[in-house]
Amino acid sequence: MPDIKFRLKRQDPHSKKNPEARWEEYTVTYDGENLTVLEGLFSIQEKFDGSLSFRYCCRASICGSCAMYINGAYRLACQTNIKHLDTDLITVSPMPHLPLVKDMVVDMDAFFSKYEYVMPWLIRNSPDPEKEIIQSPKDRKKIDMPVDCILCGCCYSSCPSAWGEENYLGPAALLKAHRFEVDSRDEAGKERMARWSNERGVYRCHTIMNCVEACPKELNPTEGIQWLKKAAVRRKLFGKAK
Amino acid sequence: MIHHDVIVVGGGLSGLRAAIEAKRAGVDVAILSQVHPGRSHSGAAQGGINAALGNHPDGHDDTWEKHAFDTTKGGDYLVDQDCAIQMAKDAPRVIYEMDHWGCPFSRFEDGRIAQRPFGGAGFPRCCYGADKTGHYLLHTLVEQAYKLQVKIYVEQYVARLIVHEGVCQGVVAYDMIHGGFEAFTANAVIMATGGAGRTYSNSTNAVISTGSGMFMAYHAGVPLKDMEFVQFHPTGLFTTYILMTEGARGEGGYLINGLGERLMEKYAPKFMELAPRDITARSIQTEINEGRGIGGGGYVYLDLRHLGAEKILERLPGIRDLAIHFEGVDPIEAPIPVVPSQHYWMGGIDTNVDGATSMPGLFAAGECACVSVHGANRLGGNSLLETIVFGRRAGAEAARYLEGLTEKRPNARTAFTAAQLMEQKVEELGAKTGSQDAYALRAEMTVAMREHFGLFRDEPTMKAGVEKLLSIKERVKGIGLRWTGSVFNVDMIRTVEFEGMVDLALTVGMGAVARQESRGAHYRTDYNTRDDVNWLQHTLAYYQPDAAGPRLDSKPVTLGPFELQERKY
Amino acid sequence: MSGKPRETANVGAGLWKATGMWAWLLFRISGLVLVFYLGAHIIIISTGQFGADGEALNGFMKTFDHPVAVLLDLALVVAVLYHALNGVRIILMDFGVGVQRHKIIFWSAMAVVVICFAIFAWVALTYIVTGEGVTS
Amino acid sequence: MKAATVSTYRGGMWSWLFQRITAVLLIVCLAIHLIFTHILSIGELDYINIGDRLAHAGLTAVDIILLAAGIYHALNGLRMVLMDYWFTSRKRALTLTIGLWVVGLAFMGYGTWALWPWIS
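Chains as they are written, first to last, in this note's numbering: chain X, 1 to 242; chain P, 1 to 569; chain G, 1 to 136; chain H, 1 to 120.
By construction, these hints were calculated from the structure, which means they are not laboratory data. Note that this is a predicted model, so its numbers are computed, not measured. Watch out, some of these pointers could steer you wrong.
Stated by the list, open to error - Here are the computed lysine to aspartate or glutamate pairs in the EDC-like style, where the Cα-Cα straight-line distance is at most 16 angstroms:
| id | chain 1 | residue 1 | chain 2 | residue 2 |
| --- | --- | --- | --- | --- |
| 1 | P | K151 | X | D109 |
| 2 | G | K103 | X | E223 |
| 3 | P | K147 | X | D186 |
| 4 | X | K131 | P | E97 |
| 5 | X | K47 | X | D109 |
| 6 | X | K138 | P | E314 |
| 7 | X | K138 | P | E109 |
| 8 | P | K66 | P | D82 |
| 9 | X | K141 | P | E109 |
| 10 | X | K138 | P | D110 |
| 11 | X | K142 | P | E109 |
| 12 | X | K83 | X | D31 |
| 13 | G | K62 | G | D73 |
| 14 | P | K147 | X | E191 |
| 15 | X | K5 | X | D49 |
| 16 | P | K408 | P | E109 |
| 17 | P | K311 | X | D144 |
| 18 | P | K555 | P | D532 |
| 19 | H | K91 | X | E166 |
When you get a sec, could you build the whole thing from the sequences and use the hints?
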């Protein structure tokens, strides 16, 4: 039964006694085979410190709740098996560059406002057919990558352009915009484009590629953003829709 | 105090669909969700959603009647047939609607929605988007909710209902981000909180699937129906019980036992791996119990290798990711160790076909409700369908209910008192030193559920289980909080929800003891046949504040065009 | 992207390994250096307009022949080359080339930087050692 | 929720596109400029030498393009950097843009004036 040491960045800004950030260490025993960071956090919360706060939900890497900064990388706590980290010291802190609520919980309001801002829904002008809208497998393949986004916020937290709330819509929101602009069923004209084709949108992306490093689902937001940049030029200069 | 005409509790598929429908009917509607709606457990659904579209080359003859029949037979005839027919009829329409809203379904060559074979279905009618159908559907609905500007209160843990003179008038919720309890008044409340999988230790469900909607309604006096029917999915990952979709078998995956045989040959020679889940899960468990697990151990293999890398990468990429991350196995190169795991809650809040419960103003939809379309055993691909079909119906029904309402002002005093009661309760919990360890008790309960109310049940085991649950319920009185802070108090939520989960566990336990037959997911070794004479009826469980367990009652099953017959696959 | 073959299940490389970010940081710094250099360059050349036959300019040019100045010039060449070739990489990515393989392209661009710099360095060092240009 | 609070920007495609176009121009012209001044005539830079080279119309054109593209590219790049740190709101960014255009045009005029005697 090996022991594993968890080093957690704790902070409760609402606490009157101790509102400052601090590091705390806990030792968790496990069977040497299977322990994810999320399970580790649960066992700390259950056994040592009931005041530990963190988001959790599906524990199968599809909901995007438990994105954290673990051993120097953006990871989903539920998806990170401790044996893959090759160390017995696990350092966990909340996602940096986002406003803190408590412990591992960060405020995602700005993230979702920006997500909403790019109009992330299918816009259609023609009447709906009686059955499905026909979409060839080739066209479907174009949205393969962006539809897998789980909105965990890793990319948004990692992007230097987005460090600062005012600056940038962020990779996730723009990837969403891409997901709809590239969808063959979408018929949006200028209304959505006006939201992303500006200097808070795609032109603030300096192709730093941190989002690609950070994404726990191995998506490539930059690819989507670059597609949007080209699409803007295509539409403005050549008047093409897609 | 915040007021909305309709409050939807839960932001999963059924909650969102209900809210969208109500919003489209012009009603002021708000969603209260414990997590951001895009993070709901619906997103973890993988395989697909059933609808008789007839897009598959082998499925041109498929009709909604056949879909309804398969559902009824799969549910071992405990299905209310009018509801099943309604669901099958509505299915194509809601699927096309999802497509019009942008859901990225996978496509056939001709550009139509792709369908794959699924368990217990006579035709390939399961529409899918790779193996992330739930995720795609969920995000599509989230997008629509944003588009329609449905008011969404994120990270609100709903803790109790506000009931005034037998009418549901809102909920009390704990604001996880800002702290404190708030009363949300409403003229109609739609419960869409999902299943109670976490009462079992071997569950495929999300950590938040605690059945909170069920026990809130239960405590308010609404009966729970058919709680003893708990579905076990044949293939959960061996160590973590994470779901490996039925789609993997739908695409042609094999189940292999320790002798290297396809184990389903013995149990369902015709349908093989695509037999209904209860049968498949029991077959696997039988193999394991009789020492024919892999290496005599406690698991069997789900073998996908013969499908080839291309098909796996195209159709089952998520399965592959999960197997790699959580089991360290790449399905392209090696078989996946799987074991039957608790998966779905057939029972729930007793509702009619429109989601209305016995309490005026309270509606329910999705896994927390029991319309009784699944009967004793749900077919794969019907759960996503249920959420959307009955979410839609519940939303519309709530809007209709509002129209017929004469008194539209919820009682402020009752709401205020309810919020106060909740605050008081938490204060009391916080004041207790906690002679009992809530988490140890929780672990004890989940393990007891697994051991005593699993795939195979018999009288002595179950009675011992009920005894254990009663003792746990007694000890629950001794638990306290470890932390009383106001913001994001995970400890408080997990403690409060645990109290309710014990009551749910008891409805399962007592219902199972009472039902002296084997039907669908409820399989008893001491009564191993179906008894249509005595037990073709729903179980209803009523909460009794002064007794430990529920009061059990029954309700007839609505029969219809499909004749009762023996289930053979 | 899940179809990508993967060595381990350990996702997340860690930002300290994020080549793109360091590339971008250096890109910014070299860019700022070049902005200031451009201003200085314009002003220095404009001194050709002051004094007879560019006395002021020639005075400046003499100081720039000093070995230290030549070495500083080489540093400037590095900045220019780096900014130019990383810029090429970014433009390629704008065309959608190498968004998946940006690291390989980055290191190839750096190889070109090294080669070009070697040429400049050889010319400049020869000049410092012999005191005159290699070509004259 | 509160998407309304996200402040709106307009435009940006042209500056992004011109940044790329000037970048390509700069790479070509700067290569010529560097080879002629620093490899072919290292150590021989003085007033006369510069005049000799600028007597060729081609090289004059290169230097004028360098001046224009360089100033645009440099100041637009500077704008991009500053917008990340201080000039974040739309109003500040607009002020910055106008300010930089004034600076850029002034430098362009000054630089052309400085080259003029050699060219003529």
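**Message:** For a C-alpha distance cap of 16 angstroms, please report whether P:K408 and P:E109 respect it.
**Reply:** violated (53 angstroms)
**Asked** CA of P:K147 to CA of X:D186, is that 16 angstroms or under?
**Response** holds (14 angstroms)
**16 angstroms limit on alpha-carbon distance, applied to hinted pair X:K47 and X:D109** = violated (31 angstroms)
**Asked** Is the Cα-Cα distance between X:K5 and X:D49 16 angstroms or less?
**Response** Answer holds: X:K5 to X:D49 is near 15 angstroms, not above 16 angstroms.
**Request:** For the pair supplied as a hint, X:K141 and P:E109, confirm whether the alpha-carbon distance does not exceed 16 angstroms.
**Result:** OK: X:K141 and P:E109 at ~12 angstroms, within 16 angstroms.
**Request:** Would you mind confirming whether the straight-line C-alpha gap from X:K142 to P:E109 stays at or under 16 angstroms?
**Result:** holds (15 angstroms)
**Request:** Assess, step by step, whether the Cα of P:K151 is no farther than 16 angstroms from the Cα of X:D109, and give holds or violated.
**Result:** holds (14 angstroms)
**Message:** Need the status of pair P:K555, P:D532: alpha-carbon distance at most 16 angstroms?
**Reply:** Holds: P:K555 and P:D532 sit about 14 angstroms apart, inside 16 angstroms.
**Request:** Please work out if X:K138 and P:D110 have their alpha carbons no farther apart than 16 angstroms.
**Result:** Given pair X:K138, P:D110 holds - Cα atoms ~11 angstroms apart, limit 16 angstroms.
**Asked** Within a Cα-Cα threshold of 16 angstroms, do G:K62 and G:D73 meet the stated pairing?
**Response** holds (14 angstroms)
**Message:** For G:K103 and X:E223, compute the direct alpha-carbon distance and say whether it is at most 16 angstroms.
**Reply:** OK: G:K103 and X:E223 at ~14 angstroms, within 16 angstroms.
**Item:** Satisfaction of hint between X:D144 and P:K311, Cα-Cα up to 16 angstroms
**Value:** holds (15 angstroms)
The structure fails to meet hints 5, 16 from the earlier list, while all remaining hints are met.
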